[in-house]
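A.B. asks: Below, each chain spelled out in residue letters.
Protein chains: 4
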Amino acid sequence: MSKFPERLLAGYQTFMTGRYTAERARYRQLAETGQEPHTLVIACCDSRAAPETIFDCGPGELFVVRNVANLMPPYEPDGNYHSTSAALEFAVQALKIRNILVMGHGRCGGIAASLDPAAKPLSPGDFIGQWISLLKPAAEKIQESSLMTGSERQTAMERISIRNSISNLRTFPCVKILEDKGKLEIHGAWFDISSGELWVMDKDSGDFVRPEVEVA
Amino acid sequence: MSKFPERLLAGYQTFMTGRYTAERARYRQLAETGQEPHTLVIACCDSRAAPETIFDCGPGELFVVRNVANLMPPYEPDGNYHSTSAALEFAVQALKIRNILVMGHGRCGGIAASLDPAAKPLSPGDFIGQWISLLKPAAEKIQESSLMTGSERQTAMERISIRNSISNLRTFPCVKILEDKGKLEIHGAWFDISSGELWVMDKDSGDFVRPEVEVA
Amino acid sequence: MSKFPERLLAGYQTFMTGRYTAERARYRQLAETGQEPHTLVIACCDSRAAPETIFDCGPGELFVVRNVANLMPPYEPDGNYHSTSAALEFAVQALKIRNILVMGHGRCGGIAASLDPAAKPLSPGDFIGQWISLLKPAAEKIQESSLMTGSERQTAMERISIRNSISNLRTFPCVKILEDKGKLEIHGAWFDISSGELWVMDKDSGDFVRPEVEVA
Amino acid sequence: MSKFPERLLAGYQTFMTGRYTAERARYRQLAETGQEPHTLVIACCDSRAAPETIFDCGPGELFVVRNVANLMPPYEPDGNYHSTSAALEFAVQALKIRNILVMGHGRCGGIAASLDPAAKPLSPGDFIGQWISLLKPAAEKIQESSLMTGSERQTAMERISIRNSISNLRTFPCVKILEDKGKLEIHGAWFDISSGELWVMDKDSGDFVRPEVEVA
Numbered sequence: 000m001s002k003f004p005e006r007l008l009a010g011y012q013t014f015m016t017g018r019y020t021a022e023r024a025r026y027r028q029l030a031e032t033g034q035e036p037h038t039l040v041i042a043c044c045d046s047r048a049a050p051e052t053i054f055d056c057g058p059g060e061l062f063v064v065r066n067v068a069n070l071m072p073p074y075e076p077d078g079n080y081h082s083t084s085a086a087l088e089f090a091v092q093a094l095k096i097r098n099i100l101v102m103g104h105g106r107c108g109g110i111a112a113s114l115d116p117a118a119k120p121l122s123p124g125d126f127i128g129q130w131i132s133l134l135k136p137a138a139e140k141i142q143e144s145s146l147m148t149g150s151e152r153q154t155a156m157e158r159i160s161i162r163n164s165i166s167n168l169r170t171f172p173c174v175k176i177l178e179d180k181g182k183l184e185i186h187g188a189w190f191d192i193s194s195g196e197l198w199v200m201d202k203d204s205g206d207f208v209r210p211e212v213e214v215a
Numbered sequence: 000m001s002k003f004p005e006r007l008l009a010g011y012q013t014f015m016t017g018r019y020t021a022e023r024a025r026y027r028q029l030a031e032t033g034q035e036p037h038t039l040v041i042a043c044c045d046s047r048a049a050p051e052t053i054f055d056c057g058p059g060e061l062f063v064v065r066n067v068a069n070l071m072p073p074y075e076p077d078g079n080y081h082s083t084s085a086a087l088e089f090a091v092q093a094l095k096i097r098n099i100l101v102m103g104h105g106r107c108g109g110i111a112a113s114l115d116p117a118a119k120p121l122s123p124g125d126f127i128g129q130w131i132s133l134l135k136p137a138a139e140k141i142q143e144s145s146l147m148t149g150s151e152r153q154t155a156m157e158r159i160s161i162r163n164s165i166s167n168l169r170t171f172p173c174v175k176i177l178e179d180k181g182k183l184e185i186h187g188a189w190f191d192i193s194s195g196e197l198w199v200m201d202k203d204s205g206d207f208v209r210p211e212v213e214v215a
Numbered sequence: 000m001s002k003f004p005e006r007l008l009a010g011y012q013t014f015m016t017g018r019y020t021a022e023r024a025r026y027r028q029l030a031e032t033g034q035e036p037h038t039l040v041i042a043c044c045d046s047r048a049a050p051e052t053i054f055d056c057g058p059g060e061l062f063v064v065r066n067v068a069n070l071m072p073p074y075e076p077d078g079n080y081h082s083t084s085a086a087l088e089f090a091v092q093a094l095k096i097r098n099i100l101v102m103g104h105g106r107c108g109g110i111a112a113s114l115d116p117a118a119k120p121l122s123p124g125d126f127i128g129q130w131i132s133l134l135k136p137a138a139e140k141i142q143e144s145s146l147m148t149g150s151e152r153q154t155a156m157e158r159i160s161i162r163n164s165i166s167n168l169r170t171f172p173c174v175k176i177l178e179d180k181g182k183l184e185i186h187g188a189w190f191d192i193s194s195g196e197l198w199v200m201d202k203d204s205g206d207f208v209r210p211e212v213e214v215a
Numbered sequence: 000m001s002k003f004p005e006r007l008l009a010g011y012q013t014f015m016t017g018r019y020t021a022e023r024a025r026y027r028q029l030a031e032t033g034q035e036p037h038t039l040v041i042a043c044c045d046s047r048a049a050p051e052t053i054f055d056c057g058p059g060e061l062f063v064v065r066n067v068a069n070l071m072p073p074y075e076p077d078g079n080y081h082s083t084s085a086a087l088e089f090a091v092q093a094l095k096i097r098n099i100l101v102m103g104h105g106r107c108g109g110i111a112a113s114l115d116p117a118a119k120p121l122s123p124g125d126f127i128g129q130w131i132s133l134l135k136p137a138a139e140k141i142q143e144s145s146l147m148t149g150s151e152r153q154t155a156m157e158r159i160s161i162r163n164s165i166s167n168l169r170t171f172p173c174v175k176i177l178e179d180k181g182k183l184e185i186h187g188a189w190f191d192i193s194s195g196e197l198w199v200m201d202k203d204s205g206d207f208v209r210p211e212v213e214v215a
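Protein chains in written order, with numbering that gives the first Met the number 0: chain A, 0 to 215; chain B, 0 to 215; chain C, 0 to 215; chain D, 0 to 215.
Errors might be hidden in some of the hints.
Since the list gives no way to pick one copy over another, a pair counts as held whenever it fits inside one copy or between any two copies.
Capping the alpha-carbon separation at 20 Å, the derived lysine to aspartate or glutamate pairs in DMTMM-like fashion look like this [to be verified]:
id, residue 1, residue 2
1, K180, D125
2, K95, E184
3, K140, E151
4, K135, D203
5, K2, D55
6, K95, D201
7, K180, E143
8, K175, D125
9, K180, E139
10, K119, D201
11, K140, E22
12, K135, E184
13, K202, D179
14, K140, D125
15, K182, E196
16, K119, D55
17, K175, D201
18, K202, E151
19, K119, E75
20, K175, E75
21, K202, E5
22, K202, E31
23, K2, E31
To be clear, the hints were calculated from the coordinates, so they are not data collected in a lab.
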């Protein structure tokens, strides 16, 4: 019978002897008082784009929902289950979170799939196809930008998608109301997994710019 | 207009001067060759239970989907979008991942909600209510265990839910086929956010036990 | 004709040359003045769960009654002989003991027997069956928890039984009166015979938690 | 609200850093394989007469039932609950124990109560009175031995009681059958809590003698 992966046990041991030992009091406190994260991050499942790593955040800081291509679907109270909407509702209404960050990244496989007109279903259920269809109108437009290279279309779509998700966030009444009252701020960012660069979205123009940060 | 959170910029700076600098070659490589994570982790959004932290994993290792209460819904190819199912499909069929870990944790707010018969919708959309209803039959049974304390029911439900999600994984044909062929292994774990202890699921009995790990 | 077991004689020799020699004055004193133990412990006969060992207590400290599954029956002044009730009466009324500890443990054979619907009498007298029937109502409820594994039901029942015994203690008028006056304290604990961990009962919630104890 | 006794937590800490650490492998093994104690000891609750201490026995060795005055009642399959009989049945039939030791001791409060014609009930339930009445016929006889001092009657009764309990053991069919087949041995001992001396019962005569043991 298969055993628990050695890599994970070894990593857990490192965590316990290192980080956990150093932050033991904090873990106990968080267990007792409950979590009060400052930011909800909507990020991608991609193994190269973990928010806790990129933002060097510790336990208790980030409430993180991760799905393929870090998409926020629009508000659809239709009685079906919507996991990302549920996470948003919990963060905003129960945890009273003050910041939402939609974080995309370069070389996103989900975005690449949205731009591939020949993409075939990965399985009969075609879950990725259905999920990515949230981007369909935008993706179809970008596919027509034949003067841009494949990579330029990819990067453009990644950023368009972030802006799209931010618009979708505002279709949720609780989000809109709290944002208008100044109790909630929405941010966007895009992480270049190759160079490690973080590009932050300017809220007026929607442009992605590099912030003034001392990194060397 | 509001600015990008200082805490995140400061954390990003620490990341760049520290980890990224140390792993620069790895990030570049991963960007070029693409990701080959060894494990798909289905984890909770909870700010105290990030898999990369707990398993001390670096870029490229873990493909992580995070939702409230780390639930894996059952296979439902009904044409609606299912974000967790999409992530699973992508991991198994596109990334050819070899391990799936369903990781739950103590003091889970989503599990607590499932056990609260008086829980009111957090918003008119009641997305959490719908999402958590995936646990409804089991939660109703556990609610009747009046001889157990509230905490005991909570822990029991957290573990029952992990076993339930693992069963749901096996309703996906691609998962079942690959597991039977020995090409995919499914694991369960439960993280005690207070003590830092990791409990690993025994595949025969479904019990959660502590592995032999030297942590001091 | 059979001889006294060698193992016991050898152990006695070790006791005499070691502990007794070191505590000789104490043994003599206790013989002269009589015993004034600080705690009555209701423990199991199990060879792996001796209170003196677990609490490193010496002569004169613990008044210990041990029966199968560390049960305290309810108050029944019916003229029959009740050995555990007699020990309780002696400890509280004659020795004026100030603390009562009900101590259960993991892997308890008596508790396992209570959860086994197919358990057959061990002898025509079926003394275990009768004794364990003190747990019958609770055991029947727990047996129905089919979503829990066998081990989870076992641990749950061990703890429910401790809480049940503590309730039974309070059906004894002398216990209730003294506790209400602040002259008697009742405690619960559960010992994990595998890991050596001691879990102490929280008096408000009835939960079993690990106390802050430096053990390494 | 009262806290768990400090003395017990401190003792537990000593146990964990000392004995448990040294015997960790043994505790784990015993948890996995189950207990196989070599001796059932019927001992007194008295805080000065713990079998594990006197025989320097570790986890897994002794299955211990302790009641006031280490009495073994006679076989009474009447449908009531009998805790000492249940422990005996479990030890002999389930654990297949090979040795039974009835261990009495000097200055036994329960024996003293049996010899006190003026003893009043300690509480309306008079559980001690009922329990000790198992010794009534013998105690009444000894009370008449006016030529012996109080202490001599006490010691005499303690030893008579051990022989009486051994006779009662033999009223249990399972015990008698196994003893006759040579699969079970019955022993008696009496511990002088003042001098630390162990007196062992000669099986032919019933006398208590000191065995040849090097104790200095």
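A.B. asks: Give me the numbers of the hints this structure contradicts, sorted from smallest to largest.
C.D. replies: 1, 4, 6, 7, 9, 10, 11, 12, 14, 15 and 16
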